[in-house]
Amino acid sequence: MPNDILALGPFIAAVSVAIAVLLVDIAVPGRRGPVLVVSLGGLALVAALTLTTGQAVAGGDGTLRVLAFGGAYVVDGLTTFLDLIFVGIVAFTIVFAPDYLEARGLPLAEFAMVLLFAMTGAMLISGAGDLLVLFVALELMVLPGYMLAGYHKSDGYSTEGAIKYFLLGSFSSAIFLFGLAFTWGATGTTSIEGVSGALAAAVAGGGALAPALVLGLGFLTTGVAFKIAAVPFHYWTPDAYQGSPTPVTGYLSVGPKVGAFALILRLFVDALGPLRVDWLQVVIILAVFTMTLGNLVALTQSNVKRMLAYSSIAHTGYMLVGLAAFAAGRIEGLEGLLYYGAAYSVMNLGAFAVVAAIQRRAGVTSGLDTFAGLGRREPWLAILMTLFLLSLTGIPPTAGFFAKAYVILAAVQAGNAGYTAVGILAVIAVINAAAAAFYYLRVVVYMFMREPRSEDAAMAHGRLMWGGLVVASVLTVVLGLIPGPFLDIVGRAARAIGG
Amino acid sequence: MGLANDLNFYLTLSGMLFAIGTFGFLARRNAISMLMSIELMLNAVNLAIVAFGAFIPSLQLDGAIIALMVMAVAAAEATVGLAIVIAIFRNRKTPLVDEYDAMRR
Chain A
26 MPNDILALGP FIAAVSVAIA VLLVDIAVPG RRGPVLVVSL GGLALVAALT
76 LTTGQAVAGG DGTLRVLAFG GAYVVDGLTT FLDLIFVGIV AFTIVFAPDY
126 LEARGLPLAE FAMVLLFAMT GAMLISGAGD LLVLFVALEL MVLPGYMLAG
176 YHKSDGYSTE GAIKYFLLGS FSSAIFLFGL AFTWGATGTT SIEGVSGALA
226 AAVAGGGALA PALVLGLGFL TTGVAFKIAA VPFHYWTPDA YQGSPTPVTG
276 YLSVGPKVGA FALILRLFVD ALGPLRVDWL QVVIILAVFT MTLGNLVALT
326 QSNVKRMLAY SSIAHTGYML VGLAAFAAGR IEGLEGLLYY GAAYSVMNLG
376 AFAVVAAIQR RAGVTSGLDT FAGLGRREPW LAILMTLFLL SLTGIPPTAG
426 FFAKAYVILA AVQAGNAGYT AVGILAVIAV INAAAAAFYY LRVVVYMFMR
476 EPRSEDAAMA HGRLMWGGLV VASVLTVVLG LIPGPFLDIV GRAARAIGG
Chain B
6 MGLANDLNFY LTLSGMLFAI GTFGFLARRN AISMLMSIEL MLNAVNLAIV
56 AFGAFIPSLQ LDGAIIALMV MAVAAAEATV GLAIVIAIFR NRKTPLVDEY
106 DAMRR
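As you go down the protein sequences, you meet chains A and B in turn.
Taking this note's numbering, I'd label the letters of the first sequence as residues 26 to 524.
Taking this note's numbering, I'd label the letters of the second sequence as residues 6 to 110.
Derived from the structure by calculation, the hints contain no laboratory data.
Even for Gly, the Cβ is constructed at its ideal location relative to N, Cα and C.
Zero decoy hints are in this set.
Quick partial rundown of chain A residues pointing at chain B, CB under 8 Å, derived from the structure:
1. E164
2. Y171
3. A199
4. L202
5. G210
6. D264
Between the sequences and the hints, there should be enough to build the whole structure, so can you do that?
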């Protein structure tokens, strides 16, 4: 039992930090200093605890897997890696939020607290060893997300985004749960190892799977496709992202997305591993539609937040390419997917931070016009935005380039090894990456080659905002230039579940 | 006896309730009705879970626990959902989702 509590240590610490933020705000209401100190200090503590727990419990190389609470919670290299990404995402979001929230009279403490609770859900997903834990963790991650989307509750756009996000989100949760119930009923267990074993036995026994099991797996897949916003289950994304307050949009575009991919890794790679050949087909089809439609619609957007929302759909597609390559037998595909998740989080949060910085004054929209002449008005902000957009496009030497190269290369290797469909997928991904350059670079053109509008003036940004932007930009470049040390960690995480 | 003693009967009923909920979610335009449809879907799932538990002896304990968990999650979801509906009703003065189209104009 003490070992079980130890394994769950980072999660317990994260919950404690969230409660501490709430208590601090009760003790000294409305002050942003103490909230920032407690939440960021607490996150540093959670990160340190995650690292030590990962090393102490699962051994130095992380490939060892430790089961806690009768197998309901798992600590391995993947848990540690994903937990660190989630902590990083939430830390960046808290750093980027205060200026934007203050300008609109929104409190910071509740924002940080709800965000921290969302993080605990994501952390629980990354260590789930049981389908029921997986479901409760998923809800723990998305419910705070609905609240955050509607955080600006007097604003029509924010609440409109929130209700669309909520209705489609809980609709997909119900679908996921239906699939879970039938998978459990047909296999007789909720443990991920048990489901994997039952499926392996069914596959080895030959013949068709039981109808109830097929039904269950189909509904599980549909529910997950909603959560990662894969086409054709993406309808909620643009409105939810455009309507939400900008720092929230930044979080929603990376946090729940990486969380949903954690769900995929635990569910598809771990539990449904024996059926890899079957779900490979589904992943390929989803990847093609998700990349292509996301990019095509992004081309026509005139609102930068909405454009980034569609581009995030396209990025989901690239990550699915990595998953497809893994299902076709290349561990590099899984490594690429994990690397992509980290790189995408940093560069997308950075891009949204610049949008939030430009909206420092209440009432400034995220339309493309707002970016006109930014290069003259606020050169540093424009340069940083250019860096993040180049990285999202996939131009070397940025993290975005390396991430795309990694997943596409893995898909090409799978194609050479006889999985022609995955090879074709790689070609489609390259074409899509080229098309995406157009809409990202259009923002750059607006920033440097258009005259600024007369009503816009340079705005003062807090030191916190600048600090966060510098860290994000340095990470974007370093992850692309010297990926070596980082790839070791990624490789360890991938081997933990990919064998 | 008869129909009521068959697991497949309950699973079919659960599937039908789930389908009605899905139809309601897709067809209704009132946010409250859509919320109710989602609750119907979750309850359909719970019926299936309880049926599995009742008919398969080894799943009996699991079934009760999962059903309780689902009820707790459904309650949490309804709380957040109603709060969001109230917030948007104050802004727009209508519960009809058709009219929440400010971002698509």
